[in-house]
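Novice: Residue-level listing of the chains:
Number of protein chains: 2
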Amino acid sequence: MTTIQDNLLDWLRDAHAMEQQAENMLSSQVERLEHYPQLRARIQQHLEETHQQRAQLETCLRRLGSSPSTLKDLSAKIMAFGQGMAGMVMSDEVVKGAMSGYVFENMEIASYTVLIEAAKVAGDAETQRVCESILQQEVAMSDWLRAHLPELTQAFLTRSAAPGVEAKR
Amino acid sequence: MTTIQDNLLDWLRDAHAMEQQAENMLSSQVERLEHYPQLRARIQQHLEETHQQRAQLETCLRRLGSSPSTLKDLSAKIMAFGQGMAGMVMSDEVVKGAMSGYVFENMEIASYTVLIEAAKVAGDAETQRVCESILQQEVAMSDWLRAHLPELTQAFLTRSAAPGVEAKR
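Sequences listed follow chains A and B, in order. According to numbering that gives the first Met the number 0, the first sequence holds residues 0 to 168 in order. According to numbering that gives the first Met the number 0, the second sequence holds residues 0 to 168 in order.
You may find that some hints are simply not true.
Because identical chains share one entry, a pair is satisfied inside a single copy or across any pair of copies.
[Claimed, not checked] Think about it this way: if two alpha-carbon atoms lie no more than 25 Å apart in a straight line, the pair counts; the simulated SDA-like pairs of lysine to any residue are:
# : residue 1 : residue 2
1 : K167      : R62
2 : K119      : Q135
3 : K119      : A154
4 : K119      : R168
5 : K167      : P67
6 : K119      : E22
7 : K119      : T157
Derived by calculation from the structure, the hints in this document are not laboratory data.
With the rest of the complex left out, here is chain A:
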């Protein structure tokens, strides 16, 4: 038996750890990207949003008398995922990186969808409002990545097939 409040707090802590990992992953992508300036600029923008999201979640946790945890089950999994992606040295790095970014955004979308409902059930209007506003940013980033994946694939394939041209980042 677990109270609604306890589940809400657990999920808020998961989301906080997830945004920390998002910061790592996005920073590493911004640093590495060289030949795909449009993608780099969009990731840079989302990195700034992500800093703010983490701060907003921290405020929610403190308001509820809690604080961010350092490690939980899901966080450990997310970290493994993010680190795998951050350390990518594959020949198709830019494509896999954009795919991973899209997948990560959708992990965030699922998390905030659950959190919004939990906040509603708990009657916590402020947490609901924060999560709804973060969700919009995640959906925008996810939509952007999916919409640009075909042209990014095409650009990668063209560079990749050209002699003496670096394609992967």
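Keeping the supplied structure of chain A fixed, place chain B upon it in accordance with the hints.
Specialist: Positioned in the frame of chain A, the structure of chain B alone reads:
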């Protein structure tokens, strides 16, 4: 320097390994789910689609003179992800399971979006057609999961807060 055809084949092999992992994850979820019959039925339906998707990808690979590989970089990562999810014993298993299913669907959506573009660039109309038809099924499953996540969260929270009622699966 990598030809378009080589990239296309690599990505088709990745997709095949991904569908194999999807089969493992979905089977394990169908077996474990007990108190959420609607979710279970939808996963069962998608498991059957997934069997066919894997067979279709195998046909594409053989037509192109290749075959499924057993392990690649991405496949190893996907497996770690899927196995983590398959072996989940968390108290909020049903919610995390639906979230993971949604995330996995979006990994598949990203993969087929890339594959469709690669098939176009390679002038491979048959691979393009197969991937477009699989993509539709993945999008339908992803949409279903996202749409049902709030009511699933609510059902979980209600069961979870009730004494003597199992909530997690």
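Novice: If a hint holds in the structure, say so; if it doesn't, say that too.
Specialist: Hints and how they fare:
no.	hint	result
1	K167 with R62	neither (44 Å within a copy, 28 Å between copies)
2	K119 with Q135	within (17 Å within a copy, 32 Å between copies)
3	K119 with A154	between (44 Å within a copy, 13 Å between copies)
4	K119 with R168	between (42 Å within a copy, 22 Å between copies)
5	K167 with P67	between (36 Å within a copy, 24 Å between copies)
6	K119 with E22	neither (28 Å within a copy, 34 Å between copies)
7	K119 with T157	between (49 Å within a copy, 13 Å between copies)
Violated hints, in rising order: 1, 6; the structure is consistent with all others.
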